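Novice: In order, the protein sequences belong to chains A and B.
Using our numbering, you'd call the opening residue of the first sequence number 1 and step up by one each time.
Using our numbering, you'd call the opening residue of the second sequence number 1 and step up by one each time.
FYI, nobody ran anything at the bench for these hints, they're computed from the structure.
Bear in mind the structure is a predicted one, so any value in this text is a computation, not a measurement.
Possibly wrong hints are sitting among the right ones.
A pair holds if it fits inside one copy or across any two, identical chains being indistinguishable in the list.
Claimed, not checked - In the SDA-like style, the derived pairs of lysine to any residue whose C-alpha atoms are separated by at most 20 Å in a straight line are: (1) Lys170 to Gly140; (2) Lys169 to Tyr110; (3) Lys161 to Pro11; (4) Lys169 to Ala106; (5) Lys211 to Gln361; (6) Lys169 to Gly140; (7) Lys170 to Asp101; (8) Lys161 to Ser7; (9) Lys170 to Arg114; (10) Lys170 to Leu340; (11) Lys170 to Tyr110; (12) Lys379 to Arg303; (13) Lys169 to Glu345; (14) Lys161 to Glu91; (15) Lys169 to Asp101; (16) Lys211 to Arg303; (17) Lys169 to Gly111; (18) Lys211 to Leu4; (19) Lys169 to Arg114.
Number of protein chains: 2
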Amino acid sequence: MNQLEQSFSVPFTYTVSFTEHLFASDNTLFRDWLTQSARRSGTQLTRKLLFVIDSGVLAAHPTLPANIQTYFADVPGLRVVDEPMVVPGGELAKNSPELVDQLIDAVDRYGIDRHSYIAAIGGGAVLDLVGYAAAIAHRGVRHIRIPTTVLSQNDSGVGVKNGVNWGGKKNFVGTFAPPVAVFNDAAFLGTLDDRDWRSGISEAIKVALIKDRPFFEWLDTNADALANRDAEAMSYLVYRCAQLHMQHIAGGDPFEMGSARPLDFGHWAAHKLEYLTDFSVRHGEAVAIGIALDTVYSQLAGRITATDADRVLSVLQRLGFDLFHPALAENGGENLRRGLTEFQEHLGGELTITLLDALGQGVEVHEMDTALIQQAIEKLENTLMHNAH
Amino acid sequence: MNQLEQSFSVPFTYTVSFTEHLFASDNTLFRDWLTQSARRSGTQLTRKLLFVIDSGVLAAHPTLPANIQTYFADVPGLRVVDEPMVVPGGELAKNSPELVDQLIDAVDRYGIDRHSYIAAIGGGAVLDLVGYAAAIAHRGVRHIRIPTTVLSQNDSGVGVKNGVNWGGKKNFVGTFAPPVAVFNDAAFLGTLDDRDWRSGISEAIKVALIKDRPFFEWLDTNADALANRDAEAMSYLVYRCAQLHMQHIAGGDPFEMGSARPLDFGHWAAHKLEYLTDFSVRHGEAVAIGIALDTVYSQLAGRITATDADRVLSVLQRLGFDLFHPALAENGGENLRRGLTEFQEHLGGELTITLLDALGQGVEVHEMDTALIQQAIEKLENTLMHNAH
Ligand SMILES: NC(=O)c1ccc[n+]([C@@H]2O[C@H](COP(=O)([O-])OP(=O)(O)OC[C@H]3O[C@@H](n4cnc5c(N)ncnc54)[C@H](O)[C@@H]3O)[C@@H](O)[C@H]2O)c1
Ligand SMILES: NC(=O)c1ccc[n+]([C@@H]2O[C@H](COP(=O)([O-])OP(=O)(O)OC[C@H]3O[C@@H](n4cnc5c(N)ncnc54)[C@H](O)[C@@H]3O)[C@@H](O)[C@H]2O)c1
Ligand SMILES: [Zn+2]
Ligand SMILES: [Zn+2]
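In isolation and in its complexed conformation, chain A is listed as follows:
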């Protein structure tokens, strides 16, 4: 009688759908999903649905609120709450604690219960904010994600994490809380500016390099089409990248209780660079540079050939990514050394960095050689000078 062992597993399931024009009246996908979801829980009660929209998305798609009203006008057992809430798009969404309060207040005011839905339409930042508020209100109301950027459609929006910034620290508070459904609408991507279109592509390169050589070959072949905003190429990229991320999450440690984080290939330097530039470098842009760095490092460490490394750099460049940022070299290497330490502290436990053993094959290491990092940086710095010519 001095010890009880508790042990259980909590099952999570959700669907990620790929469509175009989600709220076109003849697109029944979302309505059908709601009907089935209500049927599964076996009640006849009216469910509420609150929409939260990214201000950048609203600016580019001003008829969205009206389309939503029309789309849901007579779905039995469902009530779309009021006007949608609009929140600022981009990192501001995650830097404003009062927005979390406003969202929780809306849950209270509209009587959103654990069987009602909050649907967020926006980029990764807005999804992270709304997902967080939905996760803590009533200990979790059902959260639907409608990602509108490349990054959120192929990576952040199909995963299980949310969060906001706190006291200037990125993602310092948040939870692991899977959505109940994700709707990836390709039509949203058309209104992205070029930087946001490109930025999310680096996550595809990342996941291809550590997991799937054929996908990397495909990216190589289609780099020019992607750079020229070919919608069809982008659709495949988003689908395949989302799939690889989802498989990784389901196959591993979804709530990241261990120390390894292989999907963070290229991310240790990227995180540092985002901070050093006060987030003027976008996440995906920073990741492209981080990938370049860890690829060259992998070559210098004798893990991959120079041909392979150059091929990675060339794909990144054809997509329009910079391979270097001066902030990385400042401070005599100290910036990057700190970046390593901070990355370790953030994950907790032992330092764990993913490198490449081949194109399509990641490998975890627990040490990085400062001299090799320095050499890699210098090599990348040179690419910048060449470009400038």
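The hints should help you fit chain B with the ligands onto chain A, whose structure is shown.
Specialist: Relative to chain A, chain B with the ligands alone:
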């Protein structure tokens, strides 16, 4: 290529240990647990451990901080952070948003990562607060619970929920986040005032009535000993009640994704009563009244015999619980009708109330008869008048 299904399960395990004098230097339980936990994660790194103490506990156990320092003085690979943080005990802990901020700030300041620990020592309110802060900081740092009240040792502290109040709404924000370990130290219970000692006993009666007739028989037999603060009887009560709660959580729907909540027997009226009395009636006291109400209702509905119902009331009375509170009868029954609606809204979905089909056997119903509720109230009101004579 238009849909991906995601599906995975997240495993959780933790140990609930029963001990006395957790921080006595010859009690190796906690130290051993930490050593094993470090070994399991296979790293040699120093882990940090931050203690947060309930002010009421500190007042009753002023040497606790010194005992903790001594106890952990030379545990290799572990560093107890600074002085423990002290937070107000009782509901104030959950009504003060700035405490959540202070806790997150401490996580930042002391560099507590996802492999470090925050240990909370206190009643259910302090555990709910600290568990919540630990769950959202870094998307979850490891949380150890050291419950110090009957209620928290046999119910709230061994479960998976946390939360704080928001805008006057009880538990309006929170998460489902299991602890990594729970240490139930019986010695803490000795310093509880009588109301807190008694209050937690109602959760044992609740779980016995819906799940375990022999445990109810035991409670009946030991009611006088428990009322007289017999420590040995209380130890068994806490152990068995914790076990039944844990089994229920593991066997069912740990994160409460459905609508049923059988452990909330007697709780619909209790929640309303807590609000009506501005929480001057303690949770367990309100639950005792709620149990009395739903027991008498079960009898009036023909589900259990009058003998069985009277036996339940008698056990509650011998323990010193009131069976009625005037606030329930005010407003011509409207208070309780609202209580039902609010209970339904809180859970979401269909109204689901647990009644008794026998002592030791709960049953879920989806309707309550207002006239029978009124009759039950009147019967309980009479017990009060008899007592007053
Ligand atoms: N939760 C996770 O697992 C995870 C993973 C990676 C990144 N993230 C987070 O994602 C965020 C970055 O997300 P992002 O790259 O999607 O950018 P973003 O959310 O910052 O959006 C960038 C800009 O694009 C605008 N926008 C969004 N959709 C648009 C559209 N269809 N047309 C026109 N404008 C549009 C926004 O208003 C914003 O101004 C970061 O906060 C990052 O931390 C989260
Ligand atoms: N998370 C859950 O699943 C869950 C379940 C049930 C209740 N709860 C919550 O638990 C809270 C009630 O908890 P509680 O009944 O433990 O009371 P409490 O935490 O409110 O504590 C009552 C009082 O006892 C003091 N105290 C605590 N331990 C003491 C000790 N050993 N000696 C002397 N004084 C001590 C506290 O300082 C406080 O003043 C409520 O907020 C309720 O919502 C949570
Ligand atoms: Zn990324
Ligand atoms: Zn209770």
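Novice: Which of the numbered hints above does this structure break?
Specialist: none
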